[in-house]
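Visitor: Sequence:
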Amino acid sequence: MSKDFYTEFILPYAGIIIKICRAYTDTEEDFQDYYQEVCLQIWNSRKNFKEESKWSTWIYRISLNVCMSLLKKRKRKQVGTTDYKKIHNLPANENPFQDESLELLYKAIRQLSELDRAIILLYLEEKSYKEIASIIGTTPNNIGVRITRIKKQLKKLLDGKIY
1 MSKDFYTEFI LPYAGIIIKI CRAYTDTEED FQDYYQEVCL QIWNSRKNFK EESKWSTWIY
61 RISLNVCMSL LKKRKRKQVG TTDYKKIHNL PANENPFQDE SLELLYKAIR QLSELDRAII
121 LLYLEEKSYK EIASIIGTTP NNIGVRITRI KKQLKKLLDG KIY
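Terminal number for the sequence shown in my numbering: 163, no gaps in between.
Honestly, the hints are just simulated from the structure, not real lab data. Don't take each hint at face value.
As the list claims (entries may be wrong) - Here are the simulated DSSO-like cross-link-like pairs (lysine-lysine), alpha carbons at most 27 Å apart as the crow flies: (1) K156 with K127; (2) K19 with K127; (3) K72 with K155; (4) K151 with K130; (5) K47 with K19; (6) K54 with K127; (7) K19 with K72.
Produce the complete structure using the sequences and hints provided.
Guide: Written out as C-alpha coordinates, the structure reads:
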(Lines of atoms letter the chains of each structure in order from A and count residues from 1; the text may use other names and numbers.)
(Lines give C-alpha, C1' and ligand atoms only; values in the text may rest on other atoms or scores of the structure.)
Protein backbone atom coordinates (compact mmCIF):
# COMPACT_ATOMS: atom_id res chain seq x y z
CA MET A 1 0.00 0.00 0.00
CA SER A 2 1.47 3.33 -0.95
CA LYS A 3 1.84 6.03 1.66
CA ASP A 4 0.01 8.45 -0.64
CA PHE A 5 -3.02 6.15 -0.87
CA TYR A 6 -3.09 5.71 2.90
CA THR A 7 -2.74 9.45 3.52
CA GLU A 8 -5.34 10.46 0.95
CA PHE A 9 -7.94 7.69 1.03
CA ILE A 10 -7.69 5.96 4.41
CA LEU A 11 -6.35 8.40 7.00
CA PRO A 12 -9.19 10.94 6.54
CA TYR A 13 -11.62 8.08 7.32
CA ALA A 14 -9.59 6.52 10.13
CA GLY A 15 -12.24 7.59 12.66
CA ILE A 16 -14.83 5.44 10.89
CA ILE A 17 -12.50 2.46 10.73
CA ILE A 18 -11.46 2.86 14.37
CA LYS A 19 -15.05 3.02 15.64
CA ILE A 20 -16.11 -0.03 13.70
CA CYS A 21 -13.03 -2.06 14.63
CA ARG A 22 -13.46 -1.09 18.27
CA ALA A 23 -17.04 -2.32 18.31
CA TYR A 24 -15.92 -5.74 17.13
CA THR A 25 -12.82 -6.21 19.34
CA ASP A 26 -12.05 -6.57 23.03
CA THR A 27 -8.30 -6.19 23.06
CA GLU A 28 -5.68 -3.88 21.66
CA GLU A 29 -4.09 -6.76 19.77
CA ASP A 30 -7.35 -7.70 18.05
CA PHE A 31 -8.07 -4.04 17.37
CA GLN A 32 -4.69 -3.61 15.65
CA ASP A 33 -5.27 -6.75 13.58
CA TYR A 34 -8.75 -5.64 12.51
CA TYR A 35 -7.59 -2.11 11.68
CA GLN A 36 -4.74 -3.39 9.53
CA GLU A 37 -6.96 -5.93 7.78
CA VAL A 38 -9.57 -3.27 6.98
CA CYS A 39 -6.88 -0.99 5.53
CA LEU A 40 -5.51 -3.85 3.48
CA GLN A 41 -8.96 -4.74 2.13
CA ILE A 42 -9.65 -1.10 1.23
CA TRP A 43 -6.37 -1.11 -0.70
CA ASN A 44 -7.14 -4.43 -2.38
CA SER A 45 -10.66 -3.44 -3.41
CA ARG A 46 -9.94 0.16 -4.45
CA LYS A 47 -10.27 -0.73 -8.15
CA ASN A 48 -13.77 -2.11 -7.50
CA PHE A 49 -15.03 1.26 -6.29
CA LYS A 50 -17.40 2.45 -9.02
CA GLU A 51 -18.35 5.79 -7.47
CA GLU A 52 -22.00 4.72 -7.22
CA SER A 53 -21.82 5.81 -3.58
CA LYS A 54 -19.61 8.06 -1.50
CA TRP A 55 -16.10 6.90 -0.62
CA SER A 56 -17.11 7.00 3.07
CA THR A 57 -19.97 4.57 2.35
CA TRP A 58 -17.46 2.27 0.67
CA ILE A 59 -15.20 2.53 3.74
CA TYR A 60 -18.13 1.64 6.04
CA ARG A 61 -19.13 -1.32 3.92
CA ILE A 62 -15.61 -2.76 3.74
CA SER A 63 -14.93 -2.09 7.43
CA LEU A 64 -18.13 -3.79 8.52
CA ASN A 65 -17.65 -6.78 6.22
CA VAL A 66 -14.05 -7.30 7.32
CA CYS A 67 -14.86 -6.95 11.02
CA MET A 68 -17.84 -9.32 10.83
CA SER A 69 -15.75 -11.89 8.94
CA LEU A 70 -12.88 -11.67 11.40
CA LEU A 71 -15.28 -11.89 14.35
CA LYS A 72 -16.76 -15.10 12.95
CA LYS A 73 -13.28 -16.56 12.56
CA ARG A 74 -12.36 -15.50 16.09
CA LYS A 75 -15.53 -17.03 17.53
CA ARG A 76 -14.66 -20.31 15.88
CA LYS A 77 -11.26 -20.24 17.55
CA GLN A 78 -12.85 -19.09 20.86
CA VAL A 79 -9.97 -16.79 21.66
CA GLY A 80 -10.31 -13.57 23.63
CA THR A 81 -9.06 -11.61 26.59
CA THR A 82 -9.93 -8.26 28.09
CA ASP A 83 -6.45 -6.99 28.86
CA TYR A 84 -6.36 -3.47 27.40
CA LYS A 85 -3.01 -1.94 26.59
CA LYS A 86 -2.05 1.42 25.20
CA ILE A 87 -2.73 1.67 21.48
CA HIS A 88 0.24 2.47 19.26
CA ASN A 89 0.58 3.44 15.61
CA LEU A 90 -2.85 5.04 15.30
CA PRO A 91 -3.66 8.46 13.89
CA ALA A 92 -2.80 11.28 16.32
CA ASN A 93 -4.95 11.51 19.45
CA GLU A 94 -6.77 8.27 18.70
CA ASN A 95 -6.72 5.87 21.65
CA PRO A 96 -10.01 4.01 21.41
CA PHE A 97 -9.77 2.40 24.85
CA GLN A 98 -9.19 5.41 27.12
CA ASP A 99 -12.66 6.84 27.95
CA GLU A 100 -14.45 4.76 30.61
CA SER A 101 -18.01 5.87 29.80
CA LEU A 102 -17.36 5.33 26.11
CA GLU A 103 -15.89 1.92 26.89
CA LEU A 104 -19.10 1.04 28.76
CA LEU A 105 -21.10 1.94 25.65
CA TYR A 106 -18.81 -0.20 23.47
CA LYS A 107 -19.18 -3.12 25.90
CA ALA A 108 -22.95 -2.84 25.50
CA ILE A 109 -22.65 -2.55 21.71
CA ARG A 110 -20.41 -5.65 21.62
CA GLN A 111 -23.26 -7.62 23.23
CA LEU A 112 -25.52 -6.90 20.26
CA SER A 113 -25.74 -9.17 17.23
CA GLU A 114 -23.23 -8.48 14.47
CA LEU A 115 -25.84 -6.82 12.28
CA ASP A 116 -27.26 -4.72 15.11
CA ARG A 117 -23.74 -3.53 15.94
CA ALA A 118 -23.28 -2.37 12.38
CA ILE A 119 -26.63 -0.58 12.35
CA ILE A 120 -26.10 1.26 15.64
CA LEU A 121 -22.59 2.31 14.67
CA LEU A 122 -23.88 3.84 11.46
CA TYR A 123 -26.73 5.49 13.38
CA LEU A 124 -24.25 6.95 15.88
CA GLU A 125 -22.31 8.33 12.92
CA GLU A 126 -25.52 10.21 12.05
CA LYS A 127 -26.09 8.35 8.82
CA SER A 128 -29.62 8.58 7.48
CA TYR A 129 -31.85 5.51 7.48
CA LYS A 130 -31.51 5.50 3.69
CA GLU A 131 -27.68 5.49 3.88
CA ILE A 132 -27.69 2.77 6.55
CA ALA A 133 -30.09 0.69 4.47
CA SER A 134 -27.82 1.08 1.45
CA ILE A 135 -24.74 -0.02 3.39
CA ILE A 136 -26.48 -2.92 5.15
CA GLY A 137 -28.61 -4.01 2.22
CA THR A 138 -32.17 -3.56 3.50
CA THR A 139 -34.95 -0.95 3.52
CA PRO A 140 -35.02 2.35 5.43
CA ASN A 141 -38.23 1.24 7.21
CA ASN A 142 -36.52 -1.91 8.44
CA ILE A 143 -33.63 0.20 9.72
CA GLY A 144 -36.02 2.45 11.65
CA VAL A 145 -37.65 -0.50 13.38
CA ARG A 146 -34.30 -2.11 14.18
CA ILE A 147 -32.84 1.12 15.59
CA THR A 148 -35.81 1.50 17.95
CA ARG A 149 -35.28 -2.07 19.20
CA ILE A 150 -31.52 -1.63 19.47
CA LYS A 151 -31.91 1.55 21.54
CA LYS A 152 -34.20 -0.27 23.97
CA GLN A 153 -31.76 -3.17 24.21
CA LEU A 154 -28.81 -0.83 24.81
CA LYS A 155 -30.75 1.05 27.49
CA LYS A 156 -31.42 -2.21 29.33
CA LEU A 157 -27.79 -3.24 29.05
CA LEU A 158 -26.47 0.15 30.20
CA ASP A 159 -28.98 0.43 33.05
CA GLY A 160 -27.63 -2.91 34.25
CA LYS A 161 -24.09 -1.45 34.01
CA ILE A 162 -22.64 -4.34 32.02
CA TYR A 163 -19.44 -5.72 33.50
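Visitor: Indicate, hint by hint, whether the structure satisfies it.
Guide: Evaluated hints:
1. Of the supplied pair hints, the one linking K156 and K127 holds, its CA atoms being roughly 24 Å apart against a limit of 27 Å.
2. At most 27 Å may separate the alpha-carbon atoms for a hinted pair to count; K19 and K127 meet this at roughly 14 Å.
3. Taking the CA atoms of K72 and K155, the gap is about 26 Å. The hint holds against a cut of 27 Å.
4. Using a Cα cut-off of 27 Å, the hinted pair K151 and K130 holds, with the two alpha carbons roughly 18 Å apart.
5. Distance check on the hinted pair: K47 and K19 sit about 25 Å apart at the alpha-carbon level, within 27 Å; holds.
6. As the CA atoms of K54 and K127 are separated by approximately 12 Å, the hinted pair is consistent with the 27 Å bound.
7. For the hint linking K19 to K72, the alpha-carbon distance of about 18 Å falls within 27 Å, and the restraint holds.
Violated hints: none; the structure is consistent with every hint.
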